[in-house]
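If you want the building blocks of each chain, they are given just below.
2 protein chains.
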Amino acid sequence: MKKLTLPLPLGFLASGIHAGLKSKQKLDMGFIYSALPAIWAGVVTKNAVKSAPARRTEELLKGRKPLRAVVVNTKYANDLTGRQGYKDAYDTAGWAGKLLKVPAHEVLVHSTGVIGVPVPRPKIQKGVRLGVAALSSAGGDDFSRAILTTDLVTKTSARAFTIGGKPVWMMGFAKGSGMIHPNMATMLVYILTDAAISKLLLDKALRESVDMSFNRITVDGDTSPSDSVVVLANGASRAKTITTTGADYRAFAEALKGVSLDLAQDVIRDGEGATKFVTVTVQGAKKDSEALMAAKAIAHSPLVKTAVFGADPNWGRVLTAVGYSGAAVDEFKAKVAIGGYVLYDGQPRKGWSRAKLKKILQQKDVTILVDLRLGKGKTTVYTCDLTDGYIDINGRYTT
Amino acid sequence: MKKLTLPLPLGFLASGIHAGLKSKQKLDMGFIYSALPAIWAGVVTKNAVKSAPARRTEELLKGRKPLRAVVVNTKYANDLTGRQGYKDAYDTAGWAGKLLKVPAHEVLVHSTGVIGVPVPRPKIQKGVRLGVAALSSAGGDDFSRAILTTDLVTKTSARAFTIGGKPVWMMGFAKGSGMIHPNMATMLVYILTDAAISKLLLDKALRESVDMSFNRITVDGDTSPSDSVVVLANGASRAKTITTTGADYRAFAEALKGVSLDLAQDVIRDGEGATKFVTVTVQGAKKDSEALMAAKAIAHSPLVKTAVFGADPNWGRVLTAVGYSGAAVDEFKAKVAIGGYVLYDGQPRKGWSRAKLKKILQQKDVTILVDLRLGKGKTTVYTCDLTDGYIDINGRYTT
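For the protein sequence lines, the chains are A and B, in the order given.
Going by our numbering, the first residue of the first sequence is number 1, and it counts up by one from there.
Going by our numbering, the first residue of the second sequence is number 1, and it counts up by one from there.
Extracted from the complex, chain A is given alone in its bound form (with noise of 0.2 Å):
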């Protein structure tokens, strides 16, 4: 586990404790809380099914009062848990409200973990004094480790940036590695800023840093009922309040999608069983939908993804899946290229090198161009490959 090295910032604390929902003393409970009450934005999964917490987080976003707290479970989704679920989402952001002194709906409370088991009330109960009593400024490596499920590795990132001259400072921490999908997908994000902006400034530049980043990944194309990113800004920077697109919003926006594009690629580096990462873009589309189309398929495809982990050059399959994928193609105009080694340019490369395609997917990184030369549509997306492990982790999640 790496350790965490970037400070809070300001007017922030956390805490990572154990709750007992997991077994060893893993830290199963993470805590965030803001000492100034803190402007937020969020993005929640769009999964028809949701969890209590994800519901719960929906409504909060439509009232939107500023957020003071934020508690997260592991080990239970607290989803398909009927009405009941419901009452111990909203009775845990009271438990947490209670000790911290402010509204329940003031706390935003995330679950993740194991879908239609309830969660264990005393527990949770026990774990909320836990954390809140746990809270610190140096809090963040504890929560970063407590809000992990599958995950290997935590995943931290930072920007520091000005504002009127004054630094600021952005913080975020993610967890998820595996039911990753473009549009939120078992995955939780915390994005936390000393910076002071307007909800709809806030809204606008999540909003595009989500776009480019967390719905630009997919491990296994399974969308969750629990995900969620938010971002909180408390403005104890003392900076004075973005309220314009001009410079300084651009700046914030900017550590935004770098703290986002940081988060969401630690993610597929941490997909469930991955052991590579994998860049795919797709150019020369009728349009950057059809782009999307083309590039999620590639991204999505069982056989594109056991061929990276098998070092396989089979090439084939990756045209294969933009036949499919509903953009248009023109296999007599495509271009394919693997590691910058161009494969296929109409028809297949003359006396391409099997030994060298398997050495460039042999890497770590292994890069997928598609050009279909018939417009200007671009995009790129990332994934990881479907390995033995994956199906090892799946086999057994709740066993």
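No wet-lab data here; the hints were simulated from the structure.
Glycine included, each C-beta is placed from N, C-alpha and C at the ideal position.
Each hint should be verified, as a subset may be incorrect.
Stated by the list, open to error - Part of the chain B face toward chain A, derived, beta carbon under 8 Å:
1) D79
2) V102
3) P103
4) I115
5) F309
6) G316
7) Y324
8) V329
9) G346
10) Q347
11) P348
Claimed, not checked - Below, computed lysine-lysine pairings styled on DSSO-like, alpha-carbon distance capped at 30 Å:
12) A:K257 x A:K378
13) B:K123 x A:K358
14) B:K287 x B:K376
15) A:K333 x B:K333
16) A:K199 x A:K46
17) A:K87 x B:K333
18) B:K22 x A:K359
19) B:K350 x A:K46
20) B:K46 x A:K287
21) A:K358 x B:K26
22) A:K101 x A:K126
23) B:K87 x A:K333
Since the structure of chain A is provided, determine the placement of chain B on it from the hints.
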């Protein structure tokens, strides 16, 4: 390899030979010949990228003169092989046609195997000579073996029925075990009958039976550029020609559906690395199309499929897949049962037994039922589990 005991319909000959495409004297080219011109119908992959043989099949379907022969080679898909690939497919038909004394356009040519590698013309040409010379009324068994790639078993099915009191016979062959997904995917299917039927009714019967069989199965969601289902009716039984949708047509259509569903299910049972056969039924959807979306999402979810493989009692993944399928779902109304054991009914079943569910999931045949309770839409699809065997097969396919 199970031994074929089913006879060919009257007037058909078949063979399977070793052309040297595969190693170890494995049969790698298959041939079918009809003594009488056969009316035919076909369905070809919907992948926008199509193999040369698939495109040629589409062209032949447009004019649709009667067929006299089918030539299949394995090991090379003749897909993404540029203009030369087309020449190879046409020339193969020409070589066979010359030996059989029929025009090239009466010879269907199909290829299955690795994408992007040209077929070895001299070996194919020699194979055609061997295959034509070997044609016999007892050649069905060799044909059934010669068309296989990663398949572990041959797949055949037959039905006897009567038309106007005369006995007729229908027999089908299938090849396919990976890259299987609704809409024709790495699957070649040949159904032969000595019945006589009009083109129009043969089209109708094939369309309906494909929709209820081959378009209802998924192994890995990848749709291949090669695959085709064709049915040939040569009338050698001397039963009267079916030209109306009366009892004779219904008997014919029933037989075609039976053979198609047998073969489709055999493909799933032989899915790459598969250890289990999974039947997914969704009912109570707002409409049939939504039931199909939901059922396909379940059948295609790597998380559901790995849980079935590992007999992990993680039933929550089923409704999660419905949630992102696009079908309307209300998690407080829906019901989920696995192997007839209800696990969720608006909320988790009180006291459901992990041990009991695990036992159900350990069976070779697993049924998943979701009742959405929103309408009358209903469908059933078939899939297999996702296993380390699949990863192993597909991580070293070309090597």
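Now the hints, each set against the structure:
Satisfaction of the interface hint for D79 (chain B) is found here, the shortest Cβ-Cβ separation to chain A being roughly 7 Å, below the 8 Å cut-off. Because the smallest distance between the Cβ of V102 (chain B) and any Cβ of chain A comes to about 30 Å, over 8 Å, the interface hint for this residue is violated. A distance limit of 8 Å between C-beta atoms decides the matter here; for P103 (chain B) the minimum to chain A is near 27 Å, and the interface restraint is violated. This hint holds: I115 (chain B) has a C-beta 3 Å from the nearest C-beta of chain A, less than the 8 Å allowed.
Restraint check, F309 (chain B) versus chain A: the minimum CB separation of about 5 Å is within 8 Å; hint holds. Hint on G316 (chain B) holds. Least Cβ distance to chain A is approximately 3 Å, under the 8 Å limit. The closest approach between the C-beta of Y324 (chain B) and any C-beta of chain A is roughly 4 Å, which is under the 8 Å cut-off, so the hint is satisfied. For V329 (chain B), the interface hint holds, the least distance from its beta-carbon to any beta-carbon of chain A being 5 Å, beneath 8 Å.
Taken as an interface hint, G346 (chain B) checks out: its beta carbon lies about 7 Å from the nearest beta carbon of chain A, inside 8 Å. The beta carbon of Q347 (chain B) is positioned within 8 Å of a beta carbon in chain A (closest approach about 3 Å), and the interface hint is therefore held. Satisfaction of the interface hint for P348 (chain B) is found here, the shortest Cβ-Cβ separation to chain A being roughly 5 Å, below the 8 Å cut-off. Restraint check for K257 (chain A) and K378 (chain A): the C-alpha separation of about 19 Å stays at or below 30 Å, so the hint holds.
Distance hint between K123 (chain B) and K358 (chain A) is fulfilled; the C-alpha atoms sit about 27 Å from each other, no more than 30 Å. Distance check on the hinted pair: K287 (chain B) and K376 (chain B) sit about 6 Å apart at the alpha-carbon level, within 30 Å; holds. With a CA separation close to 50 Å, the supplied pair K333 (chain A) and K333 (chain B) exceeds the 30 Å bound. A C-alpha spacing of about 22 Å is found between K199 (chain A) and K46 (chain A), which places the hinted pair at or below 30 Å, so the restraint holds.
A hinted pair counts as satisfied when its Cα atoms are at most 30 Å apart, and K87 (chain A) with K333 (chain B) qualifies at roughly 18 Å. Pair hint K22 (chain B) plus K359 (chain A) holds up; C-alpha atoms about 25 Å apart against a cutoff of 30 Å. A C-alpha spacing of about 28 Å is found between K350 (chain B) and K46 (chain A), which places the hinted pair at or below 30 Å, so the restraint holds. Restraint check for K46 (chain B) and K287 (chain A): satisfied, since their Cα atoms lie roughly 21 Å apart, inside the 30 Å limit.
As the CA atoms of K358 (chain A) and K26 (chain B) are separated by approximately 27 Å, the hinted pair is consistent with the 30 Å bound. Straight-line distance between C-alpha atoms of K101 (chain A) and K126 (chain A) comes to about 17 Å, which keeps the hinted pair within the 30 Å bound. The straight-line distance between the Cα atoms of K87 (chain B) and K333 (chain A) is roughly 18 Å, inside the 30 Å bound, and the hint therefore holds.
In this structure, the hints that do not hold are numbers 2, 3 and 15, in rising order.
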